[in-house]
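Q: Listed here are the chains, written in short residue letters.
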Amino acid sequence: MTTITVSENRFKQFLRTIHIPPVFLFLVFIFLLGGILDQIFSDGQIFKNPPILLNIVVRSVPLGIVAVGQTLVIIGASIDLSVAYTISITAVMASFVMQGNSANVPKAILVVFAIGAVIGLVNGLTITKLHVNSFIATLGVGLIIKGIINATFSNYTGSVPDSFQYFGYGAFGIIPVAILILLMVVIAGWLLLSRSKFGFHLYGVGGNVEVARLSGLRTDGVLIIAHVLCSLTAVLTGLFLVSRLQSGAPWVGPDGIYDLESVATTVVGGTALAGGKGGVWGTLAGVLIFGVLDTTFNQLGVNPYLKTVLRGAIIVLAVASYTFRSKKDAA
Amino acid sequence: MTDQTLKSESSPIETLAPLTEVCNISKRFPGVVALDDVSVKFYPGEVHAVVGENGAGKSTLMKIMAGAYTPDSGEIYLSGEKVLFTHPQEAQEKGISIIYQEFNLLPERTVAANIFFGREPSKYGVVDTREMNKQASAVLREIGVEQMISPTTQASSLSVAEQQLVEIAKAISFKAKVLIMDEPTAALTYTEVKLLDDLIQRLKSRGMAIIFISHRLIEVFDIAEKITVLKDGQLVKTTKKAEVTPSDVVFLMVGRALDHYFPPLGKPEDFGDVVLRVTDASNQFIKGISFELRRGEVLGIAGLQGSGRTELAQALFGVAPFESGSMELHGKAIAVKNPSMAIRNKMAFVTEDRKSEGIAPRQPIRDNMLMTVRAIQSVFGVIHKDGIGKSRKLVPMLGKQVDIRTDSFDREAQFLSGGNQQKVVLAKWLASDANVFIFDEPTRGIDVESKASIHDMIRDLTNRGIAVLMISSELPEIVGMSDRILVMWDRQIAGELPAKSSEQEIMLMATGHVDAKSAKNISKAGEE
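Order-wise, the sequence lines are chains G and H.
Numbering-wise, this note's numbering puts 69 at position 69 of the first sequence, and it's gapless, one number per residue.
For this note's numbering, add 1000 to where a residue sits in the second sequence, where the first one is 1.
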């Protein structure tokens, strides 16, 4: 009897430490609903065909990776709207440096991560040292990057070698490499937030920057690191995209609306836009909800604009439900 | 009273070197001198209380010692060594720990994460949560609340008192040499205060210097060995507890020269019918409030910070409405549910927090003045540049009435001085044609000249038959303006005092369990 309670407590504790947010229930609900609709109105591939299931996840990978970074900065009560162009510059520069030659791959990866780190540093420094609102700071930095790549490249530039496409298309047994990478990024983000000093400090800075300062924390550094990490996730997304597309073009980032969608999925996942609260698992659920939605609508062959309407509705309802819950808590 | 510091007498404690010392500290904020040339010595193993009225500069001094503010001039010495703090972290490293008056917890984090925030036990950047919880338990045990508060509880689920205890635990966990407590007991119940007393005694015996700010003089006399009185940012006196009585301290806190002329009080025959009657009204912040307000009188509400003064105003105006009891306005029973309802029933509220609630800083003066009239007029009403509907010349008229000094009403309100901003707020309410005015700190942070003209305007209102409820933490203002005085203490009305009551009487009622009658007696005895 006692052992049961102990193990139950352990289990509860475990649940608490990994913070499974209620948004996962919504994900399961959306998935079942989509599957049932597919059974009734279409050929029922969602439930029958495992590759379709995997495809839901694979198509969520680029958004998922960058959304983890976005979650970090949003927990720090900041935001990064430059990610879409960071993705573009990564895609373009990677294929430009690689030029289809496997020997250039390490050099290209080094170059794009360096660029990403610089972008993150500029974002972080502009926000903390120049005291520019993060929305404006990152919007401005994004436009600067956009200008630079549009002036330099007008179309698909260079290409990636076949070996590099393993990132986008390869599989480990039946599990696509892409999914493993997404999982690794999410787990890294989770460990960072829940286990590292940086994570503890980030929640504090986002929760109340003055409290953090009065508690003796140098708050600027924490936020700068968060921005660098966010830009690096955008670089990883850019690398994934270019490996799928074979060649990078300046519009891959903005076309995917990675800036606004990464913010939206983070918020749907339960991270407060005001900062100080949330986590990457919720964000993963948010990303998968969007993925399920896409797949279901493709299967059913419904007007894609309806999908956009539904996405919008989900964002609004999710946030409304969070505020409602927290008000109930307060009362 | 004029001697600035304690003469070094040959008591045993004086022979020790001070653990920390502030010398000639001055700090100025826009429009106010918060601290003016203040010097105090704090000795190890001693509890040193710092007292003074609201705005005396206590909290500013503490924040300077803790590195949260940098002084404009003056020095801080710690163990004889001169230190200069530009960030709270530096003060912490040198062993100065502080419990702030406002809460400083992260609501979404656990108790342990809050206690060790910024100093989490870790290896290679990985936080050892188990170790952190263990250490947090130890700290909570040290203050005797380990049964009450678990290290893994989320801070937001704690009561206010429990949060305060976590703050104390956090401050203790620094293993500091100097511990500053800014009103640590404000939110605590009797038993919790007892716990804190025991803790302070233990820390003291370890040779810590404890600096204790409190409004409760009873407590100050229980705990402290030395008392420093600040007034208007200046040091009045540092004295040993044994050498003074509580009424001496109160006198030192409030005793001052007349700083300006107040308009004559109202004459009893001018006071009309009861306009506002509140009977046994309560909400979550204040309890059992009963009083009457008549036409033509200024009813002063005195009380210390946290006594419920502002909450009373907010309840009357429907910001945080009463939940029980009854309220009668102009002879009719009414339950004011929100500010809009209050305005429609001819109430006006000049708030304490001018910056965030009183004016829209980026809007022109003209729009600020018209804000209330526009809010209550019909949606389809005609708006003119200088007024609405028929009253096209409202803005210049109001400007003249409140005597605003500005070259143009198009100027953004943020560029006006504090005094002129307050006049804009007043104009806004004059325009609404209200006949019950609530003022919360009408003259906080504004210059003497504007103060006087605002006092004149308040008296002008009552001469026109308007009823005024005036909340103020400035005792001279309460005494100078009020036709009757209500004193609040511990979220209720402690009692009523007549016009021209002394500041001591008010202060005695506002600081403890003294009723109106004994306040009078004690204060008389003190004067003789």
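Read the hints as simulated data drawn from the structure, not as lab findings.
There could be a bad hint or two in this list.
[Stated by the list, open to error] Derived BS3-like pairs: lysine-lysine, alpha-carbon spacing no greater than 25 angstroms straight-line:
#  : chain 1 : residue 1 : chain 2 : residue 2
1  : H       : K1400     : H       : K1231
2  : H       : K1082     : H       : K1134
3  : H       : K1287     : G       : K197
4  : H       : K1241     : H       : K1287
5  : H       : K1194     : H       : K1177
6  : H       : K1241     : H       : K1267
7  : H       : K1177     : H       : K1082
8  : G       : K197      : H       : K1500
9  : H       : K1346     : G       : K197
10 : H       : K1177     : H       : K1267
11 : H       : K1123     : G       : K197
12 : H       : K1393     : H       : K1337
Q: With reference to the structure, classify each hint as holding or not holding.
A: Going through the hints against the structure:
1. H:K1400 x H:K1231: Measuring from Cα to Cα gives roughly 36 angstroms; hence the hint is violated.
2. H:K1082 x H:K1134: Roughly 36 angstroms between the alpha carbons, so the hint for K1082 (chain H) and K1134 (chain H) is violated.
3. H:K1287 x G:K197: 44 angstroms, violated
4. H:K1241 x H:K1287: 34 angstroms, violated
5. H:K1194 x H:K1177: 22 angstroms, holds
6. H:K1241 x H:K1267: 43 angstroms, violated
7. H:K1177 x H:K1082: 16 angstroms, holds
8. G:K197 x H:K1500: 59 angstroms, violated
9. H:K1346 x G:K197: 55 angstroms, violated
10. H:K1177 x H:K1267: Not satisfied, since the Cα-Cα distance of roughly 57 angstroms exceeds 25 angstroms.
11. H:K1123 x G:K197: 9 angstroms, holds
12. H:K1393 x H:K1337: Violated, because 33 angstroms separates the two Cα atoms, which is more than 25 angstroms.
Violated hints, in rising order: 1, 2, 3, 4, 6, 8, 9, 10 and 12; the structure is consistent with all others.
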